[in-house]
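One line per chain: the protein sequences are U and P, in this order.
Position one of the first sequence corresponds to residue 1 (the numbering used here), numbered consecutively onward.
Position one of the second sequence corresponds to residue 1 (the numbering used here), numbered consecutively onward.
Think of the hints as simulated: they come from the structure by calculation, not from any bench.
Just so you know, these numbers come straight off a predicted model, no measurement behind them.
Cβ atoms here follow ideal geometry from the backbone N, Cα and C, with glycine treated the same way.
Errors might be hidden in some of the hints.
[Unchecked claim] Which chain U residues stay away from chain P? Per the calculated CB distances, all over 12 angstroms, these:
no., residue
1, ALA80
2, GLU118
3, LEU121
4, ASN178
5, GLY257
6, ALA275
7, HIS282
8, ALA360
9, PRO362
10, GLN492
11, ALA500
[What the hints assert, rightly or not] Residues of chain U placed beyond 12 angstroms of chain P at every Cβ, according to the derived structure:
no., residue
12, TRP300
13, GLU393
14, ARG547
[Claimed, not checked] Here are some of the chain U residues that sit facing chain P, going by a computed Cβ distance under 7 angstroms:
no., residue
15, MET78
16, GLN102
17, ALA114
18, GLY116
19, CYS550
20, LEU551
21, ILE554
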Amino acid sequence: MILIEAGERTDKAFDAKLLVATQLAARGHRVVLDDRTRPEKVERYQKYEVAAFLADLGGVTLRRVILIGAESVAQDTMMALRGLRLGADVAVSVVGRFADRQSAIAARAKVAYAIGREPDLVDLATLQGPPLVANAISPLAAAPTPVPPERLTQVFIVLPQEALDDPQTLPVLSAMDNLPDYRLNVILPGKGKEQVKASRHAGLTVFGYSELSPAAFARLADIAAFFGDSVPGERMAAFALDLMRSGRVAIDCTASGGFLAGGAPVLRGPEEIAALANYVQHTVLVNRREIGRQAQKSPWLATHSVEALEQALGLEATVTAADAPEGTAASRSVFLPTNGVGLGHARRCTLIAEAMGPGADPAFAAFPSCVPLILDRGFDCLPLVQKSPDHVEDHANDLLSYLRLRRVLRSGDRLIFDGGFVFDSIHRVILEHGLDATWIRRGLWQAGQTLATALDREHTFARVIVPGEAFAELNSDRSTGTHVHAVGPIVQRLPQPDGAERAARRAALGQMLGREVGELVVTMLGGGVAADRTAQMQALATQLDLRPGCLHLIVV
Amino acid sequence: MTGPGRIAYLLDPRFPGGTSSAVAEELRTIAPLCQPAVHAVSSRMFAGHDPAPPLAAAFEALGIESVWDADTVSADTVILHNPSFLKFESGFGRRVLCRHLIVVTHENFLRPGGEEAFDVTGCLDRIDRGTLALRKSLAPISAHNRATVAAWGGRFGLPPGWDVLQEDWFNICDLPMIAPTDTPRDRRGRHSRPGFEKFPPPGDLGLCFPSHAEANVILGADLLIAEGAPAHWQVYPFRGLELARYFGMIDFMVYFTAPTWQESFGRVLAEGIAAGKVVISDKATAAGFGGGVIGARPEEVDGIIRAFVDDPARFARHVRAAQAALAAFSADAFRARFAGLFDPRTGAAA
């Protein structure tokens, strides 16, 4: 295992460690972060990102320690290094951008005192030259992302929070969002996403700065334009680097031209957002692939490559292409029925899986209540953890789901999600792994119900399948498009029992319940969080209770 | 020149620990000979710190009014103590005009293993650019310190116009000698500044201060207090205990440092010897004290202590011999060496 440490114990340093850990893990290195270094306050999205790496070092065998941000090594970091009692076989690398010789000597010496032997030293100022972001802690190395399948060009715009102060910003973005040649995505810091979602431009696809890892953003984007005064922080710089390395286009629209000034192979774009649509349309789109190819050849990019960093660190990548899967498994179909008890979703998914025919080899990931049903039908099932009031945080179970799903799923796999609300775990794993995702979404929307949150993540899915319901009012759907497919009710057709068998079953029920059973009515109107059907069930129960010989079975 | 002439000291008086104690002793020793001027430098290295107590006391006792951050330092001989205070500076920050500049190298130029201990080239270059002198000398303070200076010079090259004084500019250890106990017990201790470099790895520290020892007293243990010291250690922060009281609690001083760092002189060991203790350290550090300090590995400490406890007479003999050897670092010895610098027949001064 490789432990990533940082010179200082700050939130910024922790995020930088996370960037390095994510990047090295994608290269096939096994990486951990000391859970004692986790900041007190971690953003919700960051929790998902960090969950895969945090570890109690007591149970971990370290073979290497990489200390980033070594320009300043704090006492508590030295204390932690000393406390690790590293064996002589554990390589230790000190990484920093050292302003002068003394800084490098001091960094090396401090770590040497703490661990009792000499560490290796990697001076990023020598390896890479000046950083794109002043005082950057992470090495900011460019890693390639997988070649995406043919798709509508994805344009990302990275904006500072202040951009929303301009009343023209959102109307201009909405106008761009309706251009047919590309799909627009916006990345905003802080509360920017909530601000947009609360406006009448809520239809825009918006991400928070830290909602996904830079590599995941780079996987999604074909073109990205960066606005603001200067390079907008380490995460966005890392996103731009991966983008360039992957042969996509980065456009520097910053007021200071920070990317260009740093030497990065980017295009100089307009500083005005309103001018971007034409720039993208007439300058970039027509030459997109060639621009990307030229950027990839940049010597600057070579010095900033993750391979150069690995070499400097003496690391041997275990994958040569970013999208190389572990093993040689072919792409699989994984069903994920969800919500509440989930038997309705699970039953539907098993019906579909059974209909997929030989060779499909579908598997499941499901909550405990559904697992027996799925196993009974002969499918493998990855158990997920049910939400519980005993958990410290309301999304604690979803963090576990995320960890399990990301471990099981690989790029190119199909994920079929059946449920009403797309959890963070599902949203992230689809985007991070580039999954071919299908959303089976039974309506059950109530009149007047706010669907913004439920539908916000629809863009994550390649297709939406809307199974019909028996009652017309349950078939209303709020989204349209060629990706939405309405189908009839998905039901299991069983052979009708003959008269003798029906009579025998009635008799058996009657004997069991001590009453005459002439007919059986089954009510199953569960709607999970999407709909409360208590009133309807009570009405049905009241009416059916008046019918003699009627057994009313309510499934909840 | 037949006498020392005008002598000016140039130093940052806020150095903690041994350096300031050594310079304070030196000033007390040579003040009667030459009435030195003292130029104090407020370097970035010690921004926000007060002058070290031993130096402040020496200034007061000798009636020295130190001059802070003068633009020009002019004297026949300028003695610059510990050039490492310049390691965070962009320049020297002053002009030095003199016949002979002596730079006393309190810090080793190289660490064990050969890594540079600080940016020596940068510091000497800053001095060079601000100095007009007939001669510029480096003055190592011990045999080991001299070896690191020589090794550094061999690797990076001594700047043109610089030489290395032939005799060590040793730390004066004119300490009151306390007679050894005639009933030594397995009472161990160590004292130092609290820096990480001053402490061996936790495993070695455990060997030096085991639970079966009658006492384990560690002064300057801020680091160990923070990481949670075992119950059988009595730990005190830096300056958290009077030295006399600390020495009263121990019979053996067991002093190991991080393997990546070594004392340049080891004044702390001399203090232990003077206090009547048997002092045990790593072999390289012990070498500077002849046989006065026992060189050992941490796993050998137990056996060494047991043998001395079993043979009190040997304990006393060893301490007395070690104390006698400290005479080589006496004020008289330094005075003679200092005067010799300016003797036209034997001296090396310009």
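Outcome of the hint check:
1. Against chain P, the non-interface label of ALA80 of chain U is violated: not every CB pair exceeds 12 angstroms, the least being about 9 angstroms.
2. Non-interface status of GLU118 of chain U relative to chain P is broken: a Cβ of that chain comes within 12 angstroms, the nearest being about 6 angstroms off.
3. In this structure LEU121 of chain U is not separated from chain P by more than 12 angstroms, as the shortest Cβ-Cβ distance comes to only about 9 angstroms.
4. Chain P leaves ASN178 of chain U outside its interface by the beta-carbon criterion, the shortest separation being 57 angstroms against a cut-off of 12 angstroms.
5. The claim that GLY257 of chain U lies off the interface holds: its Cβ sits roughly 29 angstroms from the closest Cβ of chain P, which is beyond the 12 angstroms cut-off.
6. Non-interface status of ALA275 of chain U relative to chain P is upheld: no Cβ of that chain comes within 12 angstroms, the nearest being about 44 angstroms off.
7. A cut-off of 12 angstroms between C-beta atoms confirms that HIS282 of chain U is not in contact with chain P; the least separation is 50 angstroms.
8. Every beta carbon of chain P lies more than 12 angstroms from that of ALA360 of chain U, the smallest distance being close to 57 angstroms; the non-interface claim holds.
9. No beta-carbon of chain P is positioned within 12 angstroms of the beta-carbon of PRO362 of chain U; the least distance is around 53 angstroms.
10. With a closest Cβ-Cβ approach of about 63 angstroms to chain P, GLN492 of chain U is found to remain outside the 12 angstroms limit, as its non-interface label requires.
11. Separation of ALA500 of chain U from chain P is adequate, the least Cβ-Cβ distance of about 79 angstroms exceeding the 12 angstroms criterion.
12. In this structure TRP300 of chain U is separated from chain P by more than 12 angstroms, as the shortest Cβ-Cβ distance comes to about 29 angstroms.
13. No Cβ of chain P comes within 12 angstroms of the Cβ of GLU393 of chain U; the nearest lies about 30 angstroms off, and the non-interface call holds.
14. Every Cβ of chain P is farther than 12 angstroms from the Cβ of ARG547 of chain U; the closest lies at roughly 75 angstroms, confirming the non-interface assignment.
15. This hint holds: MET78 of chain U has a C-beta 5 angstroms from the nearest C-beta of chain P, less than the 7 angstroms allowed.
16. For GLN102 of chain U, the interface hint holds, the least distance from its beta-carbon to any beta-carbon of chain P being 4 angstroms, beneath 7 angstroms.
17. Restraint check, ALA114 of chain U versus chain P: the minimum CB separation of about 5 angstroms is within 7 angstroms; hint holds.
18. Look at GLY116 of chain U: its Cβ gets to within about 4 angstroms of chain P, closer than 7 angstroms, so that hint holds up.
19. Hint on CYS550 of chain U is violated. Least Cβ distance to chain P is approximately 72 angstroms, over the 7 angstroms limit.
20. About 68 angstroms separates the beta-carbon of LEU551 of chain U from the nearest beta-carbon of chain P, more than 7 angstroms, and the hint is not met.
21. With a cut of 7 angstroms, the hint placing ILE554 of chain U at the interface with chain P is violated, because the nearest CB-to-CB distance is about 60 angstroms.
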